[in-house]
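*Asks:* Each chain is listed here by its residues.
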Amino acid sequence: MNIFGIDILSFLVVAPALAAFIMLILPQQKTIARWAALLMSLGIGAAAVAVFFAYNREVPGYQMEVQVQWFELLGASWHVGIDGVSAAMVLLTGILTPLAILISWEIEDRVNVHLALILFFQTGLFGVFVALDLMIFFLFYELSLVPMYFLINQWGGPNRQYASTKFMIYSLGGSLGMLLAIQLMGATAGTFDIPALVAQPELWTRFAGNNGLFLGINIETVKALAFVGFFVAFCIKVPVWPFHTWLPDAHGEAPTAGSMLLAGVMLKLGAYGFLRLVIPLFPDVWVMPINILGFFETNWAGIFAFLAMLGVVLGAFAAFGQNDIKRLVAYSSVNHMGFVAMGLAVTAVAYGEQFMNASTEHMQNAILATNGAVLQMFNHGLSSAGMFLLAGAIYHKTHTRDMTQYGGLWVKAPIYGGIFIFTSMASLGLPGLNGFVSEFLVVRGAWPVFTWLTVISMIGLLFTGSYILKGIRAVLHGPFNMHWKDYHLEIELREVVAIAPLLALMLITGLAPNWILTVINESVTRILGG
Amino acid sequence: MTEGFSLPILSLIIFIPIVAAVILLFMNPQQRDLIRGISIAAAAAVLALSAAVYFGYNGQVEALEAEQARLLEEGGDAPATAMFERGLAFEEKVPWVESLGISYHLGVDGLSAPMVLLTGMVAVAGVLISWNIQDRIREFMAFFMLLVAGVYGVFVAIDLFVLFFFYELAIFPMYLLIATWGWVQLREYAAMKLTLYILIGSVIALVGVIAMYFVAGQFFTDNPNLLPEGARAYSFDMTQIMFAAEQGAFNVPYVGEITFSQVWFPFIFIGFAVLAGVFPFHNWSPDGHVAAPTAVSMIHAGVLMKLGAYAALRVGVQLLPEGAEVHLPWIVFLTLINVVYGAFIAFRQRDFKYVIGFSSVSHMGLVSMGWATMNLTGMTGAGLQMFSHGAMTALFFGCVGMVYDRAHTRDIPSLGGFIKKMPWVGFAFIVGGLTSMGMPGLSGFIAEFPIFQGMWQASENITLQIGSFTLSNYYSILVILAALGIVITAAYVLRVTSQVFFGEFDAEKYPEVGDIAITDRVILILLGAPLIIIGVYPSIMAPMIQSGLRPVLAMLGVGG
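Chains as they are written, first to last, in my numbering: chain H, 1 to 530; chain V, 1001 to 1560.
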């Protein structure tokens, strides 16, 4: 499938960057800039939707593949292609970006640059999701930091300087270990092609000389260190507890559109990295026994699941403790992404055991949990973007994020209140809406594998309910704060238009998830070899 | 590869600036527009010729690659020398002082062609940024042109005597430019310090080269059958000395059991690397950069430091490979200090220009580190880094100069919000900053990634032997430590960017600050665009540098 003579995946990657460039040279006139950005991102979004529907789930392997020599010296090539998981993520990115641009219409300061950065960010996101070459993957993974840094640093809240620098240094420093590990693998394998690397996990034995040593140390240790490099980098991005501390600051200070894309898509880069790279590249490390303090035996997958559980529980606690509405939503991301991590931990166990001793004991559970994790990535994209949109909408009108200042706003803003409750319920995991389907799948898949951790996570769900209700109560219920009596607080038409697609997708996915779940399922089943 | 190019294009590149300098000195100092016009015309002409050289060479790289592989396959007496000679293009050779074996021998290969292009870019940018110099612009431009000619001469010289001739020729106008037009508070000290450091380094290297000349000459006198027909035994021609080196002329015991090449390699390599700012001889560089006028900082950090790295490779590694194998495994520690310590010191600076000065020390450490990997991946990365850092740092110094010209201070904490008044400069500085922190999609990543990967590869086979003590696999530790430099770089780049370009702009304090002139925009585009182009499309340069490095690797016995 070609658009303007280039294949559609490359088009998806290149077009937003070109659109960003066009934004920079357009006249500095707000109306023109806003409409131009919206129309261009709608066009790109349409291409993303087309990719999703053109993806044929019955055909195994990657589709729409393109491979062109790029950096011959290192054996890196421009290799892009999608499977069901990337197709879902491409769709999410394609949908969220125009909505984020529509929301950024409220920005009055340096409109062109702001919109250009959002479009440029989209290039980074698409690039990661379609990359099938480790170097291309890393390129876009890092590149996506730059526009987000400037969005926070330039258009963020009062504490933006601190938040943006923390975000940047955390992310850059975190991916350093991954960078070194990638170089190490490239130096040995001579290629960065992801399918080729995944197809030969015995690659690491090539490192070892005759004596089983590499660089003077045990090959297993080298491998574990490389694994930790990847693990930490993606844990920061997801974020998995305790690597999450950059997130509340970044989310809290980012402008609304920035938060929407940050929570909606950028966090998924981490989870996607686990599924695409860390699990297939290091299947044995995940299940290698680790002895903690001599009496407790576990493995990396177990540790990951434990951290995921803590993310679910502590994320919910922390969210409950917030009075700042954006920080509340930010911590809810830690909470929800914990379920993604939990699902991925199950994937890692099943994949690793199958690799090590061809055991398929956990395979069926893993397929369920992985489906749940990927669907949760998509769902969290919808609901967190929606929540940030709503938090931004109220902030834009009241200029405060302190929930104790709100109170009883339902009177002034009934439509806003309705939408707020609907979105909150989706985030809460109310049956019939999207969050329920994915969290149920994760829990169902994880239960037989990590029974106790799952049990504790489910108790954590109780606190998810608490903080969601706390948010609703603080914003909508209670006595009306007379301070706002002369304010216009009702949601604007533009904002309704921006959130309507999200609401529709939440409902559709909640009632009939098969439109996307079948696509994910076929690929997940194939990844796990089931 | 000279067929089809009857024009002595390299000589033109060297002599156009010299002629321009002479004409300028005879002009009426009041005719400022004419002076500028002649300068920019000369600079633009050499840039155009440089681009012709670069792209002319680039078009032939693929064929050259096959040829080199064939030569290596065939073996023969001296495959590395044959590969090197085959790679030379735009050659000119005229006997100069025949009794001493000196010839005016010019040529470019895959390693020097990018440097020639870089010099042209920085020359044009330097003239443009000096557009509004008030004080004796005639002399300034004339000396600047001489400096450019000297730099070009080093990059295209194939004869070692010619190489030194131009090397010293570049230092003399440099001294005058800094001492006369530099920053009042520091200029005399800095100019003196810089000149002495570089002179001492180059004199040591020169002694080494003369020793090489005699040993190689003696070798050919003893083995006249090896001598190419019609050639003199004693010669400064690099191809001939390389031929001798490949036949083992320098692997003879020299001091006791230690061979000639082991004795002289550290002196020659570090002698040149002083100019590349290798620790602990980097001290001249930040002072020199800060004291110099903007155009000179640009050419100095952008091109002149590469002269050191280039000559260290060309004369040191290429001609004394056996010494390189013995000594580079410890020199790599010095380069590591460059990378990490330079970044730390840059982070601590208050003066805008010192930040960039120390960042050059840090980044040039990566170039030397790339040479020390002694494999194709790492060395190609170093070659790319030379070009990338050259354009990037020239861009940085250009930005600093533009800010300083309008704000009259370089104190970082008292600046702020300049992007509102100077959006072009702010944008260019951000692109340069991202390049310097190795952001993917820009040339810094394209250069640093192979250097680091080369370090990983090198850690498998390089060992350091001191007496009975053997250290192996330590390159992997070094690469991890060097990667820390990236994070520190990111920290100082973000700090400077946010303090100088963002934040509140104080309109009362800086009434003169306004947007930049069109000439300044040309500078920013000229230097910024290559960073993006190489970052997106590395194949425009990497294969060329690889072809230039294959003979060196063949000398090192690593093969292509």
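Don't read these hints as lab results, they were simulated from the structure.
Note that the coordinates shown come from a computational prediction; the quantities given were computed from them, not determined experimentally.
Warning: the hint list may mix true and false statements.
Derived pair list, reagent style EDC-like, types lysine to aspartate or glutamate, alpha-carbon separation capped at 20 Å [said to hold, decoys possible]:
1) K1420(V) <-> D1515(V)
2) K1421(V) <-> E106(H)
3) K1420(V) <-> D109(H)
4) K397(H) <-> E106(H)
DEER-style ranges, computed between Cβ atoms [unchecked claim]:
5) P158(H) <-> F1344(V): 49 to 57 Å
6) I1258(V) <-> P242(H): 18 to 26 Å
7) E1074(V) <-> L26(H): 36 to 44 Å
8) E1504(V) <-> P501(H): 36 to 44 Å
9) H399(H) <-> E1504(V): 32 to 40 Å
10) P1253(V) <-> A199(H): 48 to 56 Å
11) F53(H) <-> A1529(V): 48 to 56 Å
12) T31(H) <-> F1055(V): 37 to 45 Å
13) T400(H) <-> G1503(V): 21 to 29 Å
14) I6(H) <-> T1180(V): 53 to 61 Å
Don't be surprised by glycine CBs; every beta carbon is placed ideally from N, CA and C.
*Asks:* Now, for every hint given, state plainly whether the structure supports it.
*Replies:* Results of checking the hints against the structure:
1. At most 20 Å may separate the alpha-carbon atoms for a hinted pair to count; K1420(V) and D1515(V) meet this at roughly 9 Å.
2. Between K1421(V) and E106(H) the alpha-carbon distance is near 24 Å, which puts this suggested pair outside the 20 Å criterion.
3. Proximity of K1420(V) to D109(H) is assessed by CA-CA distance (about 11 Å); at most 20 Å being required, the pair is judged to hold.
4. A C-alpha spacing of about 11 Å is found between K397(H) and E106(H), which places the hinted pair at or below 20 Å, so the restraint holds.
5. Between P158(H) and F1344(V) the Cβ separation comes to about 31 Å, which falls outside the hinted range of 49 to 57 Å.
6. Here the CB-CB span from I1258(V) to P242(H) is close to 55 Å, at odds with the stated 18 to 26 Å.
7. For E1074(V) and L26(H), the Cβ-Cβ distance of about 59 Å falls outside the hinted range of 36 to 44 Å, so the restraint is violated.
8. The given range of 36 to 44 Å is respected by E1504(V) and P501(H), whose C-beta atoms sit roughly 39 Å from each other.
9. H399(H) and E1504(V) have their C-beta atoms about 20 Å apart, which leaves the hinted 32 to 40 Å range violated.
10. Checked against the hint of 48 to 56 Å, the C-beta distance between P1253(V) and A199(H) comes to roughly 53 Å, which is consistent with it.
11. Judged by the Cβ atoms, the range 48 to 56 Å given for F53(H) and A1529(V) is violated: they are separated by roughly 39 Å.
12. Distance hint for T31(H) and F1055(V): a CB-CB separation of about 44 Å, consistent with the stated range 37 to 45 Å.
13. Look at T400(H) against G1503(V): about 24 Å separates their beta carbons, and that is inside 21 to 29 Å.
14. Taking 53 to 61 Å as the suggested C-beta distance range, the pair I6(H) and T1180(V) conforms, at roughly 54 Å.
Violation of the numbered hints given earlier is confined to hints 2, 5, 6, 7, 9, 11; the remaining hints are satisfied by the structure.
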